[in-house]
Amino acid sequence: DTGVSQDPRHKITKRGQNVTFRCDPISEHNRLYWYRQTLGQGPEFLTYFQNEAQLEKSRLLSDRFSAERPKGSFSTLEIQRTEQGDSAMYLCASSFLTGLEDTQYFGPGTRLTVL
Amino acid sequence: LAKTTQPISMDSYEGQEVNITCSHNNIATNDYITWYQQFPSQGPRFIIQGYKTKVKNEVASLFIPADRKSSTLSLPRVSLSDTAVYYCLVGLPITGTASKLTFGTGTRLQVTL
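Chain order of the listed sequences is H and E. Under the numbering used here, read the first sequence as residues 191 to 305, first letter to last. Under the numbering used here, read the second sequence as residues 618 to 730, first letter to last.
If we strip away everything but chain H, and leave its shape as in the complex, we get (with noise of 0.2 Å):
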């Protein structure tokens, strides 16, 4: 299968604890984005990237949280000193910038709950 992944597809953490969400696009793809889903409401736009550079980042996104894509390829995304408000699905997509044309291929997303 050479669609987006993300791992793992479920973490379950305590208030408080730090956890990190892997997602590997699909290669050769030059964008990456994380967005945040909560239940009922559509994707959130949390941040992206293009090749190693994170280019924005919402004004939502709290200080917590930190992304990285160090080589182009894969990223991370970490939630540090998590609390119950951040439990949502997060998902990662990927997409290849040609002119004005960017579709995005999303992956199946990480269920975060914190309890």
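Keep in mind the hints are simulated off the structure, nothing from the lab. A portion of the hints provided could be inaccurate.
According to the in silico footprint, chain E covers these stretches of chain H (three or more CB under 8 Å from chain E) [said to hold, decoys possible]:
1) 227-236
2) 295-305
If you anchor each label on the Cβ, the simulated ranges turn out as follows [said to hold, decoys possible]:
3) H/220 - E/622: 26 to 34 Å
4) E/694 - H/208: 45 to 53 Å
5) H/205 - E/689: 38 to 46 Å
6) E/673 - H/204: 44 to 52 Å
7) E/620 - H/207: 33 to 41 Å
8) H/193 - E/627: 46 to 54 Å
Some but not every residue of chain E turned toward chain H, in silico, with C-beta under 8 Å [claimed, not checked]:
9) 649
10) 661
11) 718
12) 721
Even glycine gets a Cβ: it sits at the ideal position worked out from N, Cα and C.
Once you've looked at the hints, dock chain E against the given chain H.
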């Protein structure tokens, strides 16, 4: 900010054509319109993307009027497996604008026999 508005839910019988409309009054000149399908506990799945007029692929058609303030996803002859939430996404993350990527709350399509 290209806010999108969709009907919260729609019902259809199997075999019917379903049209879901998304309003995006503040769409910007360079914004593309993309539709996704999402099943419970899965990531959104790309359906179709367009900029203007009509786009068609093997699963759906996308109609965009000249003013581009709305778009309509057309699903021909739906089946039970098309029961899902459908989102329109408006925006293109030219540097500095990714935060304007806007998913609406989606339209929950229920297909029955």
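Hint by hint, here is what the structure shows:
no. : hint                      : result
1   : 227-236                   : holds (count 6)
2   : 295-305                   : holds (count 6)
3   : H/220 - E/622: 26 to 34 Å : holds, 32 Å
4   : E/694 - H/208: 45 to 53 Å : holds, 49 Å
5   : H/205 - E/689: 38 to 46 Å : holds, 44 Å
6   : E/673 - H/204: 44 to 52 Å : holds, 50 Å
7   : E/620 - H/207: 33 to 41 Å : holds, 35 Å
8   : H/193 - E/627: 46 to 54 Å : violated, 28 Å
9   : 649                       : holds, 7 Å
10  : 661                       : holds, 5 Å
11  : 718                       : holds, 5 Å
12  : 721                       : holds, 6 Å
Of the numbered hints given earlier, the model fails hint 8 alone.
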